[in-house]
Amino acid sequence: MKKILLALSLPYLLSAHTIPELFDALKSHAQTKSDEMAIKQAEVAKEMANAKLYPTINLFTKYDYTSEPVGMIPVPPDTLVKLVVDPSKPAQPFSQNTFREGANFTMPLFVKSIYTMSAKAQKMQKSAEAKKKINLLKNEAVIVGANANYLYLVELDKSLDLKKKSLLETQKTIKIKVDNGRAPASALYKIDDSINQIDITKNSIALQKEQLINSIRSLTGITLEAPIPMQEVSTVQTSDDIKSLAPLKLKIEANRLDVDAQKEKLYPSIVAYGSYSFSQAKAYNNNENVNETYGNLGVVLNIPLLAMEDYQGIKKSKIQMHQDEVEYEKLEEELSSKAKMLQNSLPLLENSIKLSQKSIKNKEKLLDIAKVNYMSGRLSTEEYLRYEDDVVAASAELYKTEAQKWQTLMELAVIYANNIEEIVK
595 MKKILLALSL
605 PYLLSAHTIP
615 ELFDALKSHA
625 QTKSDEMAIK
635 QAEVAKEMAN
645 AKLYPTINLF
655 TKYDYTSEPV
665 GMIPVPPDTL
675 VKLVVDPSKP
685 AQPFSQNTFR
695 EGANFTMPLF
705 VKSIYTMSAK
715 AQKMQKSAEA
725 KKKINLLKNE
735 AVIVGANANY
745 LYLVELDKSL
755 DLKKKSLLET
765 QKTIKIKVDN
775 GRAPASALYK
785 IDDSINQIDI
795 TKNSIALQKE
805 QLINSIRSLT
815 GITLEAPIPM
825 QEVSTVQTSD
835 DIKSLAPLKL
845 KIEANRLDVD
855 AQKEKLYPSI
865 VAYGSYSFSQ
875 AKAYNNNENV
885 NETYGNLGVV
895 LNIPLLAMED
905 YQGIKKSKIQ
915 MHQDEVEYEK
925 LEEELSSKAK
935 MLQNSLPLLE
945 NSIKLSQKSI
955 KNKEKLLDIA
965 KVNYMSGRLS
975 TEEYLRYEDD
985 VVAASAELYK
995 TEAQKWQTLM
1005 ELAVIYANNI
1015 EEIVK
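Numbered by the numbering used here, the letters in the sequence shown go through residues 595 to 1019 in order.
Hint data in this document are derived by calculation from the structure and do not stem from the laboratory. Errors might be hidden in some of the hints.
Restraint ranges, calculated between C-beta atoms of paired labels, are given here [unchecked claim]:
{"#": "1", "residue 1": "P898", "residue 2": "E615", "range": "17 to 23 angstroms"}
{"#": "2", "residue 1": "I789", "residue 2": "M631", "range": "49 to 55 angstroms"}
{"#": "3", "residue 1": "A645", "residue 2": "S812", "range": "34 to 40 angstroms"}
Mimicking EDC-like on lysine to aspartate or glutamate, the simulated pairs with C-alpha atoms at most 20 angstroms apart in a straight line are [what the hints assert, rightly or not]:
{"#": "4", "residue 1": "K796", "residue 2": "D786"}
{"#": "5", "residue 1": "K676", "residue 2": "E882"}
{"#": "6", "residue 1": "K857", "residue 2": "D904"}
{"#": "7", "residue 1": "K803", "residue 2": "D751"}
{"#": "8", "residue 1": "K727", "residue 2": "E1016"}
{"#": "9", "residue 1": "K732", "residue 2": "E926"}
{"#": "10", "residue 1": "K924", "residue 2": "E847"}
{"#": "11", "residue 1": "K725", "residue 2": "E819"}
{"#": "12", "residue 1": "K720", "residue 2": "D918"}
{"#": "13", "residue 1": "K759", "residue 2": "E723"}
{"#": "14", "residue 1": "K932", "residue 2": "E1005"}
{"#": "15", "residue 1": "K955", "residue 2": "E919"}
{"#": "16", "residue 1": "K965", "residue 2": "D755"}
{"#": "17", "residue 1": "K752", "residue 2": "D983"}
{"#": "18", "residue 1": "K732", "residue 2": "E662"}
{"#": "19", "residue 1": "K796", "residue 2": "D983"}
{"#": "20", "residue 1": "K732", "residue 2": "E630"}
{"#": "21", "residue 1": "K732", "residue 2": "E1016"}
{"#": "22", "residue 1": "K725", "residue 2": "E847"}
{"#": "23", "residue 1": "K758", "residue 2": "D984"}
{"#": "24", "residue 1": "K843", "residue 2": "E695"}
{"#": "25", "residue 1": "K965", "residue 2": "D984"}
{"#": "26", "residue 1": "K725", "residue 2": "E919"}
{"#": "27", "residue 1": "K720", "residue 2": "E977"}
{"#": "28", "residue 1": "K837", "residue 2": "E847"}
{"#": "29", "residue 1": "K720", "residue 2": "E882"}
{"#": "30", "residue 1": "K924", "residue 2": "E1005"}
{"#": "31", "residue 1": "K727", "residue 2": "D618"}
{"#": "32", "residue 1": "K957", "residue 2": "E763"}
{"#": "33", "residue 1": "K769", "residue 2": "E977"}
{"#": "34", "residue 1": "K759", "residue 2": "D983"}
{"#": "35", "residue 1": "K952", "residue 2": "E991"}
All C-beta atoms in this analysis are idealised placements derived from N, C-alpha and C, irrespective of residue type, glycine included.
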């Protein structure tokens, strides 16, 4: 018996990977990196919002042509009079062709919407970080669930192997009886068909295994040769708050700030501005070269009176906010109901596991009795095969229930945003 148990457990002992190793691989795989890019995008959006608080400085060079001579710089009246009455006709700063180089700047002194948009961008960054965490938990739950089903299929495969071994031994005995005329040939055909059905089922199981292996590989890049034994080392912590909705909750808070920002675009704003230019031209009165410099600084108060685009922006922001609020309420109700169902299911699943374990022991004893009765001719082939099927069915139910328990635990962990790495080892 010990040798049989060792042989059955050997694939797990030789498993080349562990659950923590799969989790670590997940964190560096493309699935997780895409969420990291979303966080970086949110960080850039926050930096762009804050950048509007800094001055904007530009260098420029330009050429102006006018149909009539115009002033290269503003000239005070008393200076202009002196230029006009001077008999020597000095070059006057007026021309039709003017080249200018210089710099200008603008800087917001008070634009309320900029501060609010910055706060919105910060909320969106937190939402992206929360989404990354929840997506990581979802993918970890998928890995655990796939591995649990992989374990279930492997155990079911082993039960089928034991059944096939038992049938092959019985087949040898029945063949001797058929050859001696002590049993009908149909008994051999029935057992042979049962063995064939086992092979068909095992082939189907092999296909399901490949799907589960691929599911884990797509998330981690690791191909499992055998399922990984798992142990629950911590219980799922529940609460009244559906923490998996944190990303959407933060997004709604950001949307509220966006509504405020759209309204604040209608507030008065104060902006500083300034420029410095160096102008070169030929004076219109004597074609002599003239160089002039000119600079200015100022502050402007803008008061929006009619801005239809901003009013429409407010409506659009409110619609988006209400849409997300409705979605949040819908998901909160769905997940609260699902969480309650899952919590109620756990003790039932645990009880089913205990009952299945007891059922397997009973059915194995009944199979031993049935095999003796069948060999002695007191039981038909059909009845005997039913006992064989009952043992496999009971074993399958046990492994399936254990897989369901793992999946239930993982769903609860995701809903309440528990650290799965602390739950499963």
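Verification of the supplied hints:
no.: 1; hint: P898 - E615: 17 to 23 angstroms; verdict: 59 angstroms, violated
no.: 2; hint: I789 - M631: 49 to 55 angstroms; verdict: 54 angstroms, holds
no.: 3; hint: A645 - S812: 34 to 40 angstroms; verdict: 39 angstroms, holds
no.: 4; hint: K796 - D786; verdict: 15 angstroms, holds
no.: 5; hint: K676 - E882; verdict: 18 angstroms, holds
no.: 6; hint: K857 - D904; verdict: 8 angstroms, holds
no.: 7; hint: K803 - D751; verdict: 10 angstroms, holds
no.: 8; hint: K727 - E1016; verdict: 15 angstroms, holds
no.: 9; hint: K732 - E926; verdict: 17 angstroms, holds
no.: 10; hint: K924 - E847; verdict: 17 angstroms, holds
no.: 11; hint: K725 - E819; verdict: 32 angstroms, violated
no.: 12; hint: K720 - D918; verdict: 16 angstroms, holds
no.: 13; hint: K759 - E723; verdict: 54 angstroms, violated
no.: 14; hint: K932 - E1005; verdict: 9 angstroms, holds
no.: 15; hint: K955 - E919; verdict: 54 angstroms, violated
no.: 16; hint: K965 - D755; verdict: 17 angstroms, holds
no.: 17; hint: K752 - D983; verdict: 14 angstroms, holds
no.: 18; hint: K732 - E662; verdict: 73 angstroms, violated
no.: 19; hint: K796 - D983; verdict: 14 angstroms, holds
no.: 20; hint: K732 - E630; verdict: 15 angstroms, holds
no.: 21; hint: K732 - E1016; verdict: 15 angstroms, holds
no.: 22; hint: K725 - E847; verdict: 15 angstroms, holds
no.: 23; hint: K758 - D984; verdict: 14 angstroms, holds
no.: 24; hint: K843 - E695; verdict: 51 angstroms, violated
no.: 25; hint: K965 - D984; verdict: 13 angstroms, holds
no.: 26; hint: K725 - E919; verdict: 17 angstroms, holds
no.: 27; hint: K720 - E977; verdict: 64 angstroms, violated
no.: 28; hint: K837 - E847; verdict: 15 angstroms, holds
no.: 29; hint: K720 - E882; verdict: 64 angstroms, violated
no.: 30; hint: K924 - E1005; verdict: 18 angstroms, holds
no.: 31; hint: K727 - D618; verdict: 14 angstroms, holds
no.: 32; hint: K957 - E763; verdict: 19 angstroms, holds
no.: 33; hint: K769 - E977; verdict: 18 angstroms, holds
no.: 34; hint: K759 - D983; verdict: 13 angstroms, holds
no.: 35; hint: K952 - E991; verdict: 12 angstroms, holds
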